[in-house]
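K.L.:
These are the residues of each chain, in order.
Number of protein chains: 2
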Amino acid sequence: MKVVGQELPRVEIFEKVTGESVFGADVRLAGPALVGKILGSPHAHARIKNIDTTKAERLAGVKAVVTAQDLPPVKYGRFVRDEEYFARSKVRLAGDRIAAVAAVDEETAEEALRLIKVDYEVLPPVTDALEAMREGAPLLHEEYAQYEALPMVEGRKGNICYHKETVQGDIERGFREADRVFEHRFYAPMVHQTYIEPHAVLARVDASGKVTVWVPTQAQFFIRQSVAEIFQLPLIKVKVIPTEIGGGFGGKLLPTIEPAAVALARKSGMPVQIVMTRAEDFQVANPRHPFHMRYKTGVKLDGTIVAREVELVLGTGAYCGIGIVTSQRAEMLGAGPYRIPNVKIDVFCVYTNHANCGPYRAPAGPQIAFASESQIDLIARELKLDPLEMRLKNAIEDGDTTPACGGPLKAVHAKETLLRAAEAAGWKTTSREKNRGRGIALGYWLVGGYASSAGVKLNEDGTVTVITGVVDLSGTVTSLGQIAAEVLGVELDDVHVRTADSDFAPHSTISAGSQALRSMGTAVKLAAEEVKKQIMEVAADKLEAEPGDLVAEGKRVYVRGSIEKGLSLERVAQLSLTHRRGPIASIQSTSQFPNQPAFSAHVADVEVDPQTGGVKVLRYVAAQDVGIAINPLSVRGQIQGSVIQGLGQALSEANIFKNGKMLNPTFLDYKIFSSLDAPPVEVHLVEHAAQDGPFGAKGIGEPSIIPVTAAIANAVCDAVGARVFALPASAENVLTAIQEKNKERKLS
Amino acid sequence: MKVVGQELPRVEIFEKVTGESVFGADVRLAGPALVGKILGSPHAHARIKNIDTTKAERLAGVKAVVTAQDLPPVKYGRFVRDEEYFARSKVRLAGDRIAAVAAVDEETAEEALRLIKVDYEVLPPVTDALEAMREGAPLLHEEYAQYEALPMVEGRKGNICYHKETVQGDIERGFREADRVFEHRFYAPMVHQTYIEPHAVLARVDASGKVTVWVPTQAQFFIRQSVAEIFQLPLIKVKVIPTEIGGGFGGKLLPTIEPAAVALARKSGMPVQIVMTRAEDFQVANPRHPFHMRYKTGVKLDGTIVAREVELVLGTGAYCGIGIVTSQRAEMLGAGPYRIPNVKIDVFCVYTNHANCGPYRAPAGPQIAFASESQIDLIARELKLDPLEMRLKNAIEDGDTTPACGGPLKAVHAKETLLRAAEAAGWKTTSREKNRGRGIALGYWLVGGYASSAGVKLNEDGTVTVITGVVDLSGTVTSLGQIAAEVLGVELDDVHVRTADSDFAPHSTISAGSQALRSMGTAVKLAAEEVKKQIMEVAADKLEAEPGDLVAEGKRVYVRGSIEKGLSLERVAQLSLTHRRGPIASIQSTSQFPNQPAFSAHVADVEVDPQTGGVKVLRYVAAQDVGIAINPLSVRGQIQGSVIQGLGQALSEANIFKNGKMLNPTFLDYKIFSSLDAPPVEVHLVEHAAQDGPFGAKGIGEPSIIPVTAAIANAVCDAVGARVFALPASAENVLTAIQEKNKERKLS
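Those protein sequence lines, which keep their order, are chains A and B. 127 is the number of the first residue of the first sequence in our numbering; add one for each residue after it. 127 is the number of the first residue of the second sequence in our numbering; add one for each residue after it.
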């Protein structure tokens, strides 16, 4: 392969480094736009008795005030229709949308918000999922039983939005057969995606009623669908123009402020731009689901796992949102990437008076890996086994079946990935220094993929245009160009590939879930192959050869073995235009993709300050089962970024609340791991061509974040013997764990 | 048919009537743009000795000055590479481009133009094509023989850019066999397209060197090609965004100011907008070719035409441009739509010191019809034959062969169209009033068609998006939507159809030459049919039926005969996304189309004031062979507009020059026929399904303008017995003709 597998810089790099790229808040139209602001509830739980917008409407400079009255009475939600865009009778989180205003400037808009008078009857909030499950807890959705929901939404009761039990084998018999049974509880808090760019949108409504939305989104077709649904419009009346996007990590898949901007634009007759403040974004955007996790694991003395009972309780926030997706992921991943004959997994998805939690890079993944992989480590220590050996002994292999995702699994590279990480890190050879430790963790993700379609056209000069609607977050678009270039025998520089808007882009998958390249890459490959077929037909006719005897290489088509007997792609394009079949182009589609496992194994070296609990990451090794890397530069970059993001969740991040209001909604108080904090991250690619990815590529983005929390927790324990059961492993929490351990030691 | 054939308002009508549509000069970017201005030569013919831009560059507010030095030394031209974008050593027309400036405002830009010092050696100009052909005439292109040209460019000599002789039968024998031989000379002057919107462009060059051009053009892919060629860029580095367009009529096919804007944007690093003044547009844009025409026709006494010798000399202006296309059209149409056994046609395309003439609605058509159809009328009068009968006797029929366009011709509806016009006008029954007259004329056009491709996608809610790159001039885009709706069994309101830019549009034909609907309509129909096939497959599988037993109607698919056993298109789209083949979409292409005759017959009633020569059009009847009208409202509107435009050319329009400088470059001095001047135009459609148009549609726009000049000239002669041999039939020219006639009468 000539282009696929090359380390090529991203195609949009010039726009990025020169500041030309237009991100959400950068969008400007030629004429003036209004500033939109949203009034959120100050209470986490309250009944709305009255909303009076009269004064706000009268304020000079205010062009529109909207409330639930201005929208069709539509309840929406992908799994459960439990949400209205503006609250009508009740608020269920601090920040729940009450109203929005559009004004000539930000000051006026803020002033108008203050003039909106809302009478509330404050209700007691419930903000923890375990508490919300209890009998007598304040009920968020009194009429939950009446909500429309998909049949898959099982176990609805009280605040329990969804409950499912998954069983494999006989869990009781399993525990009976075990030599030892271990039970631990873990907790992973709510954390935020902390993309560098807060949510931003600009909306315009044309004379014909057509809505145009400029938005940095990972899923322009989701946003189109949501806006159409909320405003009861046909899809052809909504156009989403995805801007450049300053990070998403799953946080920019679902609508947040878009409908407010549309409602205001429609009412005011002017374009309206809304840009969230960082604090608003922290408070109301869709953070990672907090997980309470109970793991009970039965093992033989040699480390063989015979039974695992898992109870996962996740707080989904005030609305279901994608809580079902996260729950299903939790079911699939809950038992860990291990061959276990007897398994029982209970997942409870529970309403709480919080922001609606949403997708965040590998939903459920890092939470579960933290619990599962910490416990494996605990057990290995207890049994005096090498944590690596224990994992190798139990890791799933080809042909295994797992409880929620079935089997027999194919192309399982868990062990090879573990061994690659261990070898790279020098697992067996490391010398022991005081307060230093090493941790290992194995993660896996099941990469699916929605359906996609892509267009490829051959231009009159032999250059190639690739037309897709996937948004570029992590170099995907560059890789798509490499795929088309490879198929057509041209260079990446001969390919134009950028993201089209929802009107003109073929229907495209989301840029999330490690699936953009697998799904869209396949569609691009199919379309490029069809274009190549058309090229070959035209060339064969002209060269008086069989299409099968032709080679496409170096922007030419020639007869195999006689390189001089050929045509440039330019000539082929023009022949086709003037004499043959017309313009050479194709749209091709792929259907949904089955889940495919992808593994990552991480080894972390840390040093812990026993006085403060402070953890310093000294070295980090990540091995990953990536299929074939289309662009290794991009793959490595993505894995490094993912690890650094995971380190934040492992060591410092958590949304901290009081009565449902976030106490640390700034980057001064919410500490993410920056490049200054980050150790060098050594990336090792385990390459085996995946069965159905383009050129054997696999998803990259999610697997790489999953083991980080556990690798760090295990390394900390290795360093100072103290176990952290609740993330993050912040200095405070580690110090507490050290103190607990010291207490236990004294007691024993 | 449910949607095709309906009189539906244009899909973009809301944007148009509310002023939301963005035309060329309306384009605004968020940031500031510079104003560009072009320095044209004051001389029609001169050698450039020196260009000094120093002072202009130093003027405050000037951000860039460009000359030929700033562009690659590329000579371009579709048939002959005889043009450089900025003149380097010689100017050949008044207005030839010397330099361009970009400044912060228009005043500064104009001031800068005045500061550019150019030393010329003035040369004698030659502005008439007959004079330019003479031995010893000033030579425009001394090195013409060295220019690269396509092989088809025959007969190059001196100022003769192209000469071709076309012969059928034996012209000398033909004249010997004739009872009478008539010879006349006619002249049709240069006229301008007089679109309401002058040329305008905005260009931006990105950090990566990618050029974006917003331009009201009829041919975004031509503009892309030209800009790429002039700046030596690959096509993927040029994006053309077609704006709404305020008329084109062929005048907005070729690049005019676009390269200047690009050169200035590149040099200044800022976006640059250039909007032509009306005077500039009149002076340098691409007007209709002036024709000198000699017709020598031999007839039998019963009116049978036995021989016709035609000599056509057209001035192409300073550059060849599309002079070859106009010449070829003249070859094809020169002998008229008649069966003539012996024909000789000589076409000379000649350089003159004028603007480069270009395409204008039916290039060569109205000029030739004026000469040919005036002469038929003259002959009929001389032979005391009814002009209608003489035309019917000679008109071509199925199976006939014509000299330049071959045969045997199929689907020739000349006679039916003539008869329809005559019947509608009451040809035989009209009563005779003093100074009133009636004229008839027959026109035809050979409608070809470039290759096109179109995309159609089924959205998740069952609505349909049609993706093309053809620009909407005359309702084409609405008709394309009707075609897709018809195929897919939905309403026009369920279809989104607008023009995509050159990056994301499938390669598309031009909106010119009456071919947009034929070519793109066919591509849209093919793509919609492929989408329908995909829909049927998905539905058949779900309904457990054969695809062939299904009907698509009313936004549903159902089993023929059991309407209740069906699925909505929404359901089909979603099934396909989640369970089946992925998104439903297709791009399909058409190859070039062969020429196909289309006829128009016009009858004009006029009243002439014998004192002033003033002509008043009392009634106008137009019958046209339109194939099947996709949208009769749109078809009739286009024919009416075309007739009114033709009336201007017949009665009042001409570019008047002195030494190559236009004397009447304003709408005060250049009189177009307005709706206030226009009579009611009665349109009659002759509908026979055309062989290869979508749903049997044929091209509309060109045939309808062709007979106007002759119908008027013949009516004037009928009214007052005076013949106009040079257009326009202005009061002045008609009065002169009356005076000539009176002189002749006195002499005889």
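Calculated directly from the structure, the hints in this document are not laboratory data. Just to be clear, a hint being listed does not mean it is correct.
Identical chains share a label here; the pair holds if one copy fits it or two copies do between them.
What the hints assert, rightly or not - Below are the DMTMM-like pairs computed for lysine to aspartate or glutamate, each with C-alpha atoms no more than 20 Å apart in a straight line:
hint: 1; residue 1: K336; residue 2: D627
hint: 2; residue 1: K867; residue 2: E146
hint: 3; residue 1: K422; residue 2: E696
hint: 4; residue 1: K336; residue 2: E617
hint: 5; residue 1: K181; residue 2: D254
hint: 6; residue 1: K393; residue 2: D231
hint: 7; residue 1: K668; residue 2: D231
hint: 8; residue 1: K142; residue 2: E268
hint: 9; residue 1: K336; residue 2: D803
hint: 10; residue 1: K181; residue 2: E146
hint: 11; residue 1: K393; residue 2: E146
hint: 12; residue 1: K336; residue 2: E146
hint: 13; residue 1: K142; residue 2: E370
A quick note: this is a predicted structure, and the numbers were derived from the prediction, not measured.
K.L.:
Are the CA atoms of K181 and D254 at most 20 Å apart within a copy, between copies, both, or neither?
P.N.:
neither (37 Å within a copy, 75 Å between copies)
K.L.:
Reference check for the pair K867 and E146, CA-CA at most 20 Å: within, between, both, or neither?
P.N.:
Neither way: K867 and E146 sit 54 Å apart in one copy and 71 Å across, limit 20 Å.
K.L.:
Can you give me the call for K336 and D803, within, between, both or neither, at a CA distance of at most 20 Å?
P.N.:
For K336 and D803, neither the intra-copy (47 Å) nor the inter-copy (38 Å) Cα distance is at most 20 Å.
K.L.:
Which holds for K181 with E146 at a C-alpha limit of 20 Å: within a copy, between copies, both or neither?
P.N.:
neither (41 Å within a copy, 32 Å between copies)
K.L.:
At most 20 Å between CA atoms: does that hold for K336 and E617 within a copy, between copies, both, or neither?
P.N.:
between (39 Å within a copy, 17 Å between copies)
K.L.:
Go through the copies and call it for K393 and E146: within, between, both or neither, with a Cα cutoff of 20 Å.
P.N.:
Answer is between; shortest inter-copy Cα gap is 17 Å, intra-copy 32 Å.
K.L.:
Should K668 paired with D231 be assigned to within, between, both, or neither, using CA atoms and 20 Å as the limit?
P.N.:
Classified as neither: same-chain Cα gap 64 Å, cross-chain 54 Å, threshold 20 Å.
K.L.:
At most 20 Å between CA atoms: does that hold for K142 and E268 within a copy, between copies, both, or neither?
P.N.:
neither (49 Å within a copy, 50 Å between copies)
K.L.:
When no copy is named, should K422 and E696 be tagged within, between, both, or neither for a Cα gap of at most 20 Å?
P.N.:
neither (65 Å within a copy, 46 Å between copies)
K.L.:
My question is about K142 and E370: at a cut-off of 20 Å on alpha-carbon distance, are they close within one copy, between copies, both, or neither?
P.N.:
within (9 Å within a copy, 30 Å between copies)
K.L.:
If the cutoff is 20 Å on CA atoms, where do K336 and E146 land: within, between, both or neither? Let me know, please.
P.N.:
between (28 Å within a copy, 12 Å between copies)
K.L.:
For the identical chains here, do K393 and D231 meet the 20 Å Cα criterion within one copy, between copies, both, or neither?
P.N.:
Within one copy only: 17 Å inside, 36 Å across.
In summary, the structure is inconsistent with hints 2, 3, 5, 7, 8, 9, 10 from the numbered list given earlier, while agreeing with the others.
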